[in-house]
Amino acid sequence: MNWFAWRQHRKQFLVVGIILALYAALLIPTGLHFWHTYQSAVASCAQNPANPSCTDLSGSLFQPTIDQALLHLAPLAILLLPLILGLFWGAPLLSKEYTEGTDKLVWTQSVSRRKWLTIKLTWILVATAIFMGAFTALATWWAHTSNSLEMNRFDSGVFFEQGIVPVTYGIFAVALGTMFGAWFRKTMIALGVTLGLYIGFAFITVPLMIRPHYMAPVAVTTPMGPGFSDNIPQGAWVLTRGMEDQNGRVIGDVFTSAPPQCQQVIQQNQVTDNNGRVGIKIKGGSGNPIDACLNKAGWHLVATYQPSYRYWDFQYIESGISLSLSAVAVAATYWLVLKRDA
Amino acid sequence: MEVAIQTKDLGKRYGSFWALENCDISVPEGSVSALVGPNGAGKSTLLNLLIGLSNASAGESQVLGRVPHQREDFLADIGYLAQEIPLYKSFSTHDHITMGKSLNKRFDEEFIRKRLTDLSIPLDKRVGKLSGGQRAQVALALALAKKPKLLLLDEPVAALDPLARHDFLSSLAQAVADGGLTVVMSSHLLADLERVSDHVIVLASGKTQLCDDIERVLKQHKLLVGPRSNTKELGDGLRVIHETHTAKQSTLLVRVDGKTKVPAAWQKHEPNIEEIILAYMGQGKDLNEGSAK
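Chains as they are written, first to last, in my numbering: chain Z, 1 to 342; chain C, 1001 to 1293.
One or more hints might be untrue.
[Said to hold, decoys possible] Pairs of lysine-lysine residues, derived as DSSO-like cross-links and limited to a Cα-Cα distance of at most 27 Å, are as follows:
{"#": "1", "chain 1": "Z", "residue 1": "339", "chain 2": "C", "residue 2": "1008"}
{"#": "2", "chain 1": "Z", "residue 1": "11", "chain 2": "C", "residue 2": "1089"}
{"#": "3", "chain 1": "Z", "residue 1": "11", "chain 2": "C", "residue 2": "1101"}
{"#": "4", "chain 1": "C", "residue 1": "1101", "chain 2": "Z", "residue 2": "96"}
{"#": "5", "chain 1": "Z", "residue 1": "115", "chain 2": "Z", "residue 2": "11"}
{"#": "6", "chain 1": "C", "residue 1": "1125", "chain 2": "Z", "residue 2": "11"}
{"#": "7", "chain 1": "Z", "residue 1": "96", "chain 2": "C", "residue 2": "1089"}
Because the hints were derived from the structure by calculation, they are not lab data.
Please take these sequences and the hints and turn them into a complete structure.
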């Protein structure tokens, strides 16, 4: 049975293996180069802090288009790979047997359906974990430079491209595709449904609605004025920033919501430019009179964030969610294959 | 004689449609049964139930003394050839042999290699590139290499040209002659079945119309030709299976139970098995039309 599973899927493994080799060939040299460039920039800034580029390393290093393209596109592979495996390994895994009638060939050999399914699923899910693990390990190592540069790996843009979460998403996508393949028995339908549901789940529902709430965010309150960002620790994943009035109501537009005494201050500092656009111009010197007025009225700035030390907690929680959903999909697959007629 | 397959009131329902209903068959061990009936009569449904590929909605069945189930010990004794002869197109014949070895505890590799070599089928070619006849031979050899006690074949020759069909049936007849094998083969090609089978099962509209030994069936049926008349005038013990009338005469295919005498007014002929089977298939059709009204 193991030989059979290997024989059936070896071409799929070979294709992804080649992609992995190409990915490594791209990431290993560029990763080393980026890291050395960054390290020597940090070293020279330590000796020469006066160099203007040292105040904004992330804005001065790796500016050529090719570097920028690489930094943005290479991690995309980790975002798309689970989907690709779900569509090309998961969806056809069982639906192809049904459409080609080979279910009736293999289920009438002397192997129970349960054993057949177990071995098939084990091969495909273990292969998914191994390949996703290799891809993600490469990408995580490679992202070391940009993580250090941005001093953040928690932002929703990169959280999903590093660590252990991508591996569990690969497993989830394949389990989902397999389940729909067993359900609809038509590869194209299974493919379409998997595509839609996975995109909705992994790219919309989780990052926008679920992930921010794994743990209660930390809230900081700052008086109106500059220096807001200083109160948010480095590497945190900032969820919200905004103004609140004395009653804790969130304020969208200062101009219309400000209390009457501050409206006056705003009008005094209002200027109209040549194009007729209205703005605020503060005459230099000691503080901003508008901020002062709003502070007096009880207004303040509020930010909520997830601190960086929660990074691995979040990775574990999200991995737990996707693995639980994978288990549900696998259980449903067993039910569909064992209980339904050929 | 031992019974290889026995079903009682076996039924399979898809939604509200009964693909097979109240099916009672009995297949003796060592027989070669022809399972015939028009398309959609429930032949594949019955075969799928017998090997446990699908679950019955009603009734029961015993196959080789066991209830059909997806279990290794049950499957090991049955060879099955599904309709359209599914094989893994990207696998070579050799791969299929390794697959058979990998998926069956009992699998006679030497036998299948010799058999396919004798048939000059290339073992290293992808089966997708073999002819239909060669694919059917590979599938039959795979089923036989399990050394089954029962072989279920679902329209194995339907897609083959006459020569390939002839070769396939010869192969089958040879395997049967080697002994110890019970065969149920469905088809709508009556002439082919007559060559290899000694037992017949007629299904029409999801119901069993006939299930018996061919010799006995031949003895029990008569073709009566006489002046046009009301068939109800025939005596008890005669069952009219099929009747056709012209302006002047009536032709009846009747089943004669016991020693009932046929009225002298009728000319008596011996029908052949094909005529009898067609009569039973037509009966199912009539029944169907009757219920539709």
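Status of the hints after comparison with the structure:
no.: 1; hint: Z:339 <-> C:1008; in the structure: 23 Å, holds
no.: 2; hint: Z:11 <-> C:1089; in the structure: 14 Å, holds
no.: 3; hint: Z:11 <-> C:1101; in the structure: 22 Å, holds
no.: 4; hint: C:1101 <-> Z:96; in the structure: 23 Å, holds
no.: 5; hint: Z:115 <-> Z:11; in the structure: 23 Å, holds
no.: 6; hint: C:1125 <-> Z:11; in the structure: 18 Å, holds
no.: 7; hint: Z:96 <-> C:1089; in the structure: 12 Å, holds
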